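Chemist: Sequence:
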Amino acid sequence: MAKSLAVCPPSMPQVLSGRCKMRMCCFETAAADLETMLLLMVKGGFYHAGQVCVSVQRVYAEAAIAEELAQRMATMAKTLKVGDPADPETEVGPLIRHQETDRVAEWVDEAVAAGAKLLCGGNKISAALYAPTVLLNPPDDIIIIQNEVFGPVVCVYSYDTIEEAISRANALPFSFQASVMTRSIDKALVAYKHLNAAAVMVNDHTAFRGDWMPFAGLKQSGYGVGRIPYTYDDMQVEKMLVMKSESLWRGLAPSLQYLALPDLFLRRSESRLRWRA
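In the working numbering, each number is its position in the sequence shown, counted from 1, plus 4.
These aren't lab readings, by the way, just hints derived from the structure by calculation.
Mixed in with the good hints, there may be bad ones.
Straight-line distance between alpha carbons at most 25 Å, and here's what the computed SDA-like set of lysine to any residue pairs gives [stated by the list, open to error]:
(1) Lys85 x Glu95
(2) Lys47 x Thr94
(3) Lys47 x Ala192
(4) Lys128 x Gln55
(5) Lys128 x Leu84
(6) Lys121 x Ala67
(7) Lys121 x Pro143
(8) Lys47 x Ala109
(9) Lys47 x Glu110
(10) Lys128 x Ile147
(11) Lys191 x Val204
(12) Lys85 x Glu66
(13) Lys191 x Ala203
(14) Lys85 x Thr40
(15) Lys191 x Ala175
(16) Lys82 x Asp113
(17) Lys47 x Asn207
(18) Lys121 x Glu110
(19) Lys121 x Ser162
(20) Lys82 x Gly97
(21) Lys197 x Glu66
(22) Lys128 x Asp91
Note that the coordinates shown come from a computational prediction; the quantities given were computed from them, not determined experimentally.
Whenever a hint applies, use it, and build me the whole structure from the sequences.
Modeler: Below is the structure:
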């Protein structure tokens, strides 16, 4: 992404995003409703087989509830129906290519070998299908943590303070959307203020979207803000025209007097004097 920006001509709209290994983070606290959190985390982590740039991938939970949350999430993940996306009963479909299934399997195997606790999944069901997988406390420096999985894998971490969780999340080179699950407005605002994310959801998963929302990645996750009004502005160059009042034009050359203000304003009234090239 950094190299792409370096070679962009000045006239190119710099709204660059896409599959840029974007990172998503989720936070849980003991004060939150655990059952509600679980439903949201499972939905956000495994719908579309995790192949969404804002899918839940990293879940930080207070140490008091981390293992229970991870185990219960794994129990729910095991009940998800994996299979043909044309089947209305299917909850987790295939990955986009067989090579992606192989890649996810390789990354999960590396995480387990490095010390992550495998709570469910961890295996290919077929060439295109990978079992919903939950990992507990994988090391921060392995590839599955440092990159976007783009597969049905959720990693759960324990933390002692919210400051620790925020610091670990912000250490990543990628940043997109985050969420915090809590009944404490103070903790929600602390997370919102200090998380280096383009959007922070409170009591919903990271993949919450609305057509009206600005959509952006930070750091190596992207450059610029998406959605129609923001893209519209980014793809234009502003040009301003300043005029003195008509009374000051009297006595000037006929060629200048021809530019009558009423005619000009009728033709450009919609611009409110913000002319665009």
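Chemist: State the violated hints by number, sorted upward, taking the hints as numbered earlier in the document.
Modeler: 12
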